[in-house]
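Hey, can you work out the whole structure from these sequences and the hints?
Note that our numbering has the sequence shown beginning at 1, numbered continuously upward.
Take these hints with a grain of salt, some might be off.
Claimed, not checked - Taking lysine to aspartate or glutamate and the EDC-like style, the derived pairs with C-alpha atoms no more than 20 Å apart in a straight line are:
no., residue 1, residue 2
1, K155, D200
2, K268, D219
3, K177, E137
4, K483, D410
5, K157, E195
6, K288, D264
7, K194, D165
8, K268, E251
9, K321, D257
10, K203, E137
11, K203, D165
12, K488, E402
13, K483, E402
14, K288, D55
15, K155, E195
16, K488, D410
17, K256, E232
18, K321, E58
In case anyone wonders, no lab produced these hints; they're calculated from the structure.
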Amino acid sequence: DSLCQRANVLLRSLSPVRFDPHPPPFPPPTRRPPGPRRGGGARPIAPAMVHSAYDAVELVSGVPGRIEAVASHGGKLLVAASDCSLRIYSAPAPADGGEIRRDGPYALERQEQRLWRRAPSAMEASASRDLLLSLSEWVALHRLPGLETVAVVSKTKGANVFAWDDRRGLLAAGRQKRLTVFRLDSGREFVEVKEFSVPDIVKSMAWCGDNICLGIRRDYMIINSVTGALTEVFSSGRIAPPLVVPLPTGELLLGKDNIGVFVDQNGKLIHDGRIIWSDTPASVVVHKPYAVARLPRHVEIRSLRAPSALVQTVVLRDVQKLVQTDNYILASLSNSVYGLLPVPIGAQIVQLTASGEFEDALALCKLLPPEDSNLRAAKESSIHMRYGHFLFDNGSYEEAMEQFSDAHVDITYVLSLYPYLVLPQTHIIGEHDKLQDLQELARESSDATDEMEAYSLQLHDSDDKSPLENKKMSHNALIALVKYLQKKRNGIIDRATSEVTEEVVSGAVHHSLNLSEPYKAKKPNKV
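Right, here's the structure in full:
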């Protein structure tokens, strides 16, 4: 019919390309259509999910009393207990680069009795400065690893929350209806920079550039740390207290009951995306590319990429705190500490590809290290290829062609999906024929889609072809092929035209240089 003829015309126009009539086989992709992942119950160390982003490993158990705060420094765990002691746990073998080892449990290395007069409610370790900040009666500063007292910020007595900017050495502390900003001077003492009045007691806060986002009672506000200017953002919800979560990009995730809303440093909505949790979270940490929430019955992991689909559920009951570090997440229970250790990106990509989550797999490819650029390109090409097969087999032909184009497959690979098209014979065009052939290709292609709409669906009514053959040669499949071939042909024409133009220009320049050579040899006569 006419549409098949047009496809064959385009194939002949692409005859300068060397066709392989027997393209290499490719393993069939998983047939499960993409869709929302289903969570499920799981033991902490082996969550039964389609995609495992983290492994939950018990690192510390049997801590006397109750765990009040946890932190990590140099691959060691710092655990503050209700008896005001600090316990330091280390792995059986030294860890490299501050990494938490997966072969716990950790052993008690040192115990510092009565480091505080009151058990701390929050604790944070600065790896770049080797300091431990803690909030008990006030904010205290200890040197790591020796735990020597560096400073006690007496003006923070009675504070209920603090936020630390490690890069600039700035500390913000909320006490009653006051917000005080301090600067760490020479690594030895805190100097007060500013103090501001705020409408109510600060429940949650985080630095965002020169601003500080405050969660106050049922509202969020942005305060400028230099001028003290206050800007209202929106209410925090009716059920849960305000929850301010900083993102690595400097943006924020603000809690509104069971919804997380993304805003920029000035409190403006940055996109329509949001995270909807299955329950109201008590706390959330962001560990790119995921957001991890502490819910009443489990820890829930969702993608930061819209629409923030559920990635994994880890059943850990009685989780008291989630603490983010550079490489992992700590989850503290009453008497034990679990590490949520990220599964290697490459392994996650394999899981997602096998389960048909191709777009998520491609998004993770962008997180592979720069030194693995060849590996990344190979993985992306393989995923695009599998995604293309999946789309083609499910009738999304044009989308499938886009994936094949992104995979940079040979044209004959795509043509192998159309068994009734006759491949043109291979021949090579000589240099002197290029311009004539380009003009002919342009004339042939100008009407390539004129008769597409007039093509009837007679292939579906044919009795001598199987349903699979009818599907492969359906109207939509052929239209997608024609568009794909047109795109390929146009690219070849552009490249060929560019090559011919470069040759003409190069020849003209060379000819001009030859003509000017005799004149360069002559010297002007002296007058």
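Out of the numbered hints, which ones does the structure contradict?
none
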